[in-house]
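Enquirer: Sequence:
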Amino acid sequence: MNLKVKLPTWFWVVTILLLIWNILGLLAFAGDMAMNANPEMMAELPEEQQEMYANRPGWVTFSFGLAVISGFIASIGLVLKKAWAVPLFIVSFIAVILNDIGMFGVMKVQETAEGAQLIMTVVVFLLCIFQIWFSRSARMKGWIN
1 MNLKVKLPTW FWVVTILLLI WNILGLLAFA GDMAMNANPE MMAELPEEQQ EMYANRPGWV
61 TFSFGLAVIS GFIASIGLVL KKAWAVPLFI VSFIAVILND IGMFGVMKVQ ETAEGAQLIM
121 TVVVFLLCIF QIWFSRSARM KGWIN
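Counting in our numbering, the sequence shown runs from 1 upward without gaps.
Treat the hints with caution; some may be incorrect.
Below, computed lysine-lysine pairings styled on DSS-like, alpha-carbon distance capped at 30 Å [stated by the list, open to error]:
| no. | residue 1 | residue 2 |
| --- | --- | --- |
| 1 | Lys6 | Lys141 |
| 2 | Lys4 | Lys141 |
| 3 | Lys141 | Lys81 |
| 4 | Lys4 | Lys81 |
| 5 | Lys82 | Lys6 |
| 6 | Lys141 | Lys82 |
| 7 | Lys6 | Lys81 |
| 8 | Lys82 | Lys4 |
What follows is a list of derived Cβ distance ranges for each label pair [claimed, not checked]:
| no. | residue 1 | residue 2 | range |
| --- | --- | --- | --- |
| 9 | Gly142 | Glu47 | 18 to 28 Å |
| 10 | Met42 | Lys4 | 46 to 56 Å |
| 11 | Ala43 | Lys4 | 38 to 48 Å |
Honestly, the hints are just simulated from the structure, not real lab data. We treat Cβ as the ideally placed atom computed from N, Cα and C, and that holds for glycine.
Sequences and hints are given; from them, build the entire structure.
Expert: Below is the structure:
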């Protein structure tokens with residue numbers, strides 16, 4: 001027996017907003033990679049930021065990429081109503097934590113970061129938790145499978 005469950009409109013609104021959020025994450029990562037690869041763009045940055053890019057460990061860059069790519073694929077999974085979105089959101093969250101450890105624990109960016117950058121870090125962290133909760137809740141309700 002194949003029962004179709006009508007999803008509430010707000011599910012689709014949240015899902016599309018999460019997809020947009022994760023697309024913005026991909027764009028931020030692409031911009032970061034472009035900045036790192038372009039000496040002319042790099043020269044326009046303040047000296048502290050140039051030093052940060054030059055000294056960033058590879059695993060921090062990798063964790064940033066893993067976070068945004070897995071979050072993006074997970075959000076596509078939500079749009080497609082696939083339960084595999086849940087573990088991908090968890091992978092994304094773990095990668096965000098690793099990235100934050102690298103940025104704040106190893107690189108000490110909080111010493112030169114502006115308030116908006118620090119607020120964005122908290123927003124990303126909280127949205128990761130929300131994405132996991134939302135996708136798990138949708139899976140438990142049978143909205144995604």
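Enquirer: Holds or violated: lysine 82 with lysine 6, Cα cutoff 30 Å?
Expert: holds, 15 Å
Enquirer: Given the hinted pair lysine 141 and lysine 81, is their alpha-carbon gap at most 30 Å?
Expert: Given that 30 Å is the threshold and the Cα spacing comes to 12 Å, the pair holds.
Enquirer: Between glycine 142 and glutamate 47, is the Cβ distance one that fits in 18 to 28 Å?
Expert: violated, 54 Å
Enquirer: Lying within 38 to 48 Å: is that true of the beta-carbon distance alanine 43 to lysine 4?
Expert: Since alanine 43 and lysine 4 have Cβ atoms about 57 Å apart, the given range 38 to 48 Å is violated.
Enquirer: Within 30 Å, alpha carbon to alpha carbon, are lysine 6 and lysine 141?
Expert: Between lysine 6 and lysine 141 the Cα gap is close to 11 Å, so the pair holds against 30 Å.
Enquirer: Holds or violated: the 46 to 56 Å window for the beta-carbon distance between methionine 42 and lysine 4?
Expert: Taking Cβ atoms as reference, methionine 42 and lysine 4 lie about 53 Å apart, which means the hint holds.
Enquirer: So if I understand the rule, the pair passes when the alpha-carbon distance is 30 Å or less; does lysine 141 with lysine 82 pass?
Expert: It holds: about 13 Å lies between the C-alpha atoms, which stays within 30 Å.
Enquirer: For the pair supplied as a hint, lysine 4 and lysine 81, confirm whether the alpha-carbon distance does not exceed 30 Å.
Expert: Measuring from Cα to Cα gives roughly 12 Å; hence the hint holds.
Enquirer: Below or equal to 30 Å on CA atoms is what counts here, so check lysine 6 against lysine 81.
Expert: Distance ~12 Å between lysine 6 and lysine 81 Cα, so the pair holds.
Enquirer: Lysine 82 and lysine 4 were given as a pair; does the straight-line alpha-carbon distance stay at or below 30 Å?
Expert: Since the Cα atoms of lysine 82 and lysine 4 sit roughly 14 Å apart, the hinted pair holds (cutoff 30 Å).
Enquirer: With a cut-off of 30 Å on the C-alpha distance, tell me whether lysine 4 and lysine 141 pass.
Expert: It holds: about 12 Å lies between the C-alpha atoms, which stays within 30 Å.
Checked against the numbered hints given earlier, this structure breaks hints 9 and 11; the rest are met.
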